[in-house]
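Start from the sequences, fold in the hints, and give me the full structure.
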Amino acid sequence: MAALLAGCDMPNTGAVSTAPAPAERPAAMAVPEAGGLSPELVSYYSRLQNGLVAQGLLRTDRGGADAPFTQRDVVRNFMRIAFYEEYTEVGGRLVAREKASQLHRWEKPVRLTLETGPSLSAAKSARDRNELVKFANRLERVSGHPVSVGANGNFHVFVVSEGERRALAPRLKQLIPNISRVALDTVIDLPQSTYCLAFATDPEQNGTYDQAVAVIRAEHPDLLRASCLHEEIAQGMGLSNDYPLARPSIFNDDEEFGFLTTHDEILLKILYDRRLRPGMSEAEARPVVEKIAAELLAGST
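Last residue of the sequence shown? That's 301 in our numbering, and every number before it is there in order.
These are calculated hints, taken from the structure and not from any lab test. Some clues are possibly wrong.
Calculated lysine to aspartate or glutamate pairs in the EDC-like style (CA-CA distance at most 20 angstroms, straight line) [what the hints assert, rightly or not]:
#, residue 1, residue 2
1, Lys269, Glu107
2, Lys124, Asp222
3, Lys173, Asp202
Now the structure itself:
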């Protein structure tokens with residue numbers, strides 16, 4: 001079963017107001033052939049990134065004195081992010097509606113494979129691969145779970161243009177033969193307001209991930225592309241929900257932080273602690289999470 005973990009959407013911050021804002025979806029926007037970037041989207045997301053940065057968003061630090069958090073915050077945020085899903089299937093479509101779930105994570109090693117289309121320049125492709133390798137190393141160090149980058153992976157990261165994404169169905173079916181029509185349609189018909197997304201499969205529905213896919217727009221400028229990479233892969237590790245009170249964190253939709261924070265590293269440490277196991281319920285896991293958080297944040301309440 002493939003479940004959409006997260007789609008990074010436009011925050012309700014007026015972020016584009018600092019630059020001329022286009023319509024939500026460009027009228028009669030020509031869909032470029034696979035291999036070409038959409039000029040309209042390149043311009044749109046460039047202005048969007050500039051607007052976010054101008055407002056002090058998409059921060060690349062790991063959180064500081066201006067964003068303190070306590071042990072109680074960490075427990076609350078972990079429970080809401082790890083035990084709820086951001087999307088629900090309604091009438092054959094995925095809608096942003098939170099629903100309760102079970103603990104999900106990987107038991108086998110995670111191997112990330114980067115797939116880029118011809119629309120992405122060699123320089124940008126190399127930049128993304130370097131970012132991916134660096135982030136994989138960080139995830140492994142923080143979680144204690146094996147995470148690497150290479151060919152024939154079980155977590156595919158696509159950086160593709162508008163046209164390339166619309167032609168992605170055959171490749172997704174090859175990777176995940178039982179992928180649902182809903183998941184495919186979500187990728188193919190990705191709205192302009194969604195920057196990137198990720199979904200994972202839990203074939204036994206026991207909380208154990210088997211395959212995952214992240215889709216990132218090649219039209220994004222470098223910072224927005226790297227931010228998508230951090231958020232979607234981190235959520236693909238099992239922290240699948242966004243929660244507006246989580247701070248400092250990438251696990252919300254306000255875009256304040258673009259990269260994984262110290263707070264988020266603690267959530268990953270908790271998720272991959274061996275005292276937890278895939279499939280646990282929120283009630284079953286809470287006392288264990290409280291104990292782990294107390295150990296990690298001794299002296300903080």
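> Between lysine 173 and aspartate 202, does the CA-CA distance stay at or below 20 angstroms?
Replying inline: At roughly 16 angstroms apart (the allowed maximum being 20 angstroms), aspartate 202 and lysine 173 satisfy the hint.
> Is it true that the CA of lysine 269 sits at most 20 angstroms from the CA of glutamate 107?
Replying inline: Measuring from Cα to Cα gives roughly 14 angstroms; hence the hint holds.
> Going straight from one Cα to the other, do lysine 124 and aspartate 222 come out at no more than 20 angstroms?
Replying inline: Between lysine 124 and aspartate 222 the Cα gap is close to 8 angstroms, so the pair holds against 20 angstroms.
No hint from the list above goes unmet by this structure.
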